[in-house]
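Chain residues, written in single-letter form:
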Amino acid sequence: MLARTRAIAKKEFKQLWRDKRMLFVLIFFPTFLLAMFGYAVNFDVRNIQLAIYDSDKSDVSRDFISNLSNSTYFEFVEYLNNDDDVRRALNDKDAQVVMVIPEDFSEKLFRGEETAKIQFLVDGVDGNTANIISNYVNAATLAYNSKLQKDFFAQMGITREPPVLLEPLFWFNPNLETTKFLIPGLIVMILIVTAVVAVSISLVREKERGTIEQINVSSLSTAELLIGKSLPYILLALVDALFILVLGYILFDVTIEGSILLFFAATLVFILAATSQGIFLSVVADSQQVAFTVAILTTLLPSLMLSGFIFPIESMPGIIQVVTNITPAKFFVNILRAIMLRGVGIEAIWTQLVYMSIFILLFLGFASVIHKKKLSAA
Amino acid sequence: MFSIEVNDLTKKFGNFTAVDNISFKVKKGEIFGFLGANGAGKSTTIRMLCGLLDPTSGDALVGGYSVKKQPELVKHNIGYMSQRFSLYDDLSVGENIDFFGGVYGLESSKLAERKKWVLDIANLKGKENILTGSLPGGIKQRLALGTAVVHQPEIVFLDEPTSGVDPISRRNFWDLINWLSEQGTTVLVTTHYLEEAEFCNNIILINAGKLIAEGTPKDLKTNYLTNAILEVECDNVVDALEILEQQSFVDETSIFGNKIHLIVNDNYNTTDQINKSLAEKNISVKTIDKIIPTLEDVFIHLLEKDK
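Top line first, the protein sequences correspond to chains A and B.
Note that the numbering used here has the first sequence beginning at 1, numbered continuously upward.
Note that the numbering used here has the second sequence beginning at 1, numbered continuously upward.
Check each hint, because a few of them may be wrong.
30 Å max Cα-Cα, derived BS3-like pairs, lysine-lysine [to be verified]:
#, chain 1, residue 1, chain 2, residue 2
1, B, K276, A, K207
2, A, K10, B, K110
3, B, K68, A, K372
What the hints contain is simulated information worked out from the structure, not anything from laboratory work.
Please model the entire structure based on the sequences and the hints provided.
Structural data, given as structure tokens:
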């Protein structure tokens with residue numbers, strides 16, 4: 001049993017080693033994806049282009065402006081002089097935000113009978129960014145208000161600190177960096193795509209070239225064949241995982257808070273689930289092209305859309321939330337975020353491990369049923 | 001002493017009967033030819049005999065094991081080589097032998113000995129590091145046969161092993177098959193080439209899943225075709241064929257290159273009958289010879305009859 005499995009694995013290693021193109025893809029693809037997603041997919045909104053139309057032109061209005069444009073979130077682009085300028089700045093995308101300070105701003109502020117108003121015109125095409133911008137501006141205004149009030153009380157000789165101060169503290173990802181949050185999902189996506197594609201193609205290739213016939217007439221058992229054939233790719237996927245971790249650390253400072261051993265143990269379970277999916281596909285598909293296309297479609301899309309990698313599952317409609325269970329990627333994203341960001345142990349993730357194991361059984365079960373059906377019909 | 005005993009073997013795919021109640025026996029150490037047109041059921045039968053496909057009914061004993069009940073034991077005792085010479089083109093010659101030896105569970109000392117043997121019969125001594133994909137077809141075919149019997153099986157199945165190989169390589173390959181058979185290996189071979197069938201000890205012919213003839217090549221030529229066969233050489237072969245088909249003394253016609261083979265019946269007396277019927281259409285006859293039927297004549301005759 002062991003000798004025969006080794007013979008298969010050895011042969012597969014040699015073939016993979018000789019197939020430099022495939023090897024290159026399997027190793028380069030993860031690096032490429034990591035760099036691309038790591039740098040490109042970023043939900044942090046910074047350097048918001050700010051244009052200002054200040055009709056008041058007073059000390060106070062300048063104070064308010066400098067307060068805002070000094071923050072790292074905003075980048076001052078230009079002063080505008082009339083309404084047409086304002087329209088042009090937004091239309092031509094010269095600015096994302098235009099702040100309009102009316103003539104009576106300082107006057108109203110000093111009299112204190114009426115609230116002084118400032119108009120903020122935000123480019124609302126990208127709703128998400130517009131929302132974030134509006135939040136920043138609100139927060140900045142609130143801070144400015146409380147500063148003014150403090151100054152006011154101080155002039156009257158009263159030390160009056162703001163009554164309530166909210167101090168949010170973000171655990172696990174203190175600076176709310178999206179890359180920290182994305183990297184675990186990225187590892188999941190890269191691993192599932194490489195594992196499923198590599199395993200299904202290597203099996204279908206034997207079918208396409210007819211070499212599987214020769215193996216079938218030998219007394220090699222299905223288990224020996226599958227283990228032998230998957231072993232090199234399982235090892236390669238683990239190497240890929242290590243590779244991404246090191247690269248994630250170098251490029252994005254991502255570290256594992258929890259146990260590295262647990263990380264690799266969970267990764268192994270996930271790779272087994274992905275391998276099973278690859279085996280299942282290889283039973284269904286009869287050509288490498290079909291296998292490749294189906295593998296990409298059934299791994300890339302679900303792991304991108306349904307795993308919670310980018311879009312939070314909690315905010316999906318109920319029925320879609322149920323659909324997210326079709327990919328083992330969902331469970332592995334949970335596991336990796338738990339291990340890498342929260343640093344929790346096995347007690348917090350074992351249910352997710354069980355779910356992933358169910359995928360292994362399901363895929364292998366379906367694969368063997370369909371395989372038997374195809375054999376008796378061939 | 002039989003290596004293979006097939007009893008009422010039948011395989012149905014839905015309503016389609018691919019193999020219909022076939023029975024035959026193969027003696028140990030003989031070369032057994034398995035002939036039939038494409039889609040006649042040859043491959044299906046071989047797949048059942050290799051334990052790859054479960055028969056719908058009937059059974060076969062291969063090397064003493066039932067293909068229905070003990071397919072795994074059957075697989076242990078056979079070698080198989082298909083027309084696609086299932087070798088890995090991206091592995092070297094030596095690696096291919098190592099791989100199949102490993103798959104058959106050979107120990108390393110045994111494997112080293114068999115590897116030498118395979119390299120020897122494939123004329124690849126000292127070339128074991130060459131990539132298999134770069135070998136010429138004839139050599140690749142010998143290597144494929146060598147790896148198919150690397151575990152020294154008692155029986156070897158060859159499914160159209162010589163298709164797409166040049167005539168000289170084919171002849172060399174048959175020498176190898178003969179040699180294997182002399183060493184006591186039973187060889188069951190399917191082929192399209194009827195001249196190859198002449199090398200077999202016994203032959204069966206199947207058509208539409210049914211066995212329609214069996215025996216030695218000599219038996220087939222004498223027992224199944226009792227009428228005389230004439231070879232006619234003349235002008236305008238196609239027109240001549242049409243005319244001769246209409247004659248009452250002719251049973252069957254077929255074209256062999258620029259000649260026509262006629263199977264004649266009791267109404268035929270002299271060559272004049274042929275000359276006369278063709279002369280009416282201004283076709284001149286060069287020669288008319290009575291010939292010993294080839295296997296091809298016999299098979300065309302049998303397949304015509306089976307229609």
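A quick look at each hint next to the structure:
1. B/K276 x A/K207: Violated. B/K276 to A/K207 sits at ~60 Å, over the 30 Å cutoff.
2. A/K10 x B/K110: 19 Å, holds
3. B/K68 x A/K372: Holds, at about 15 Å.
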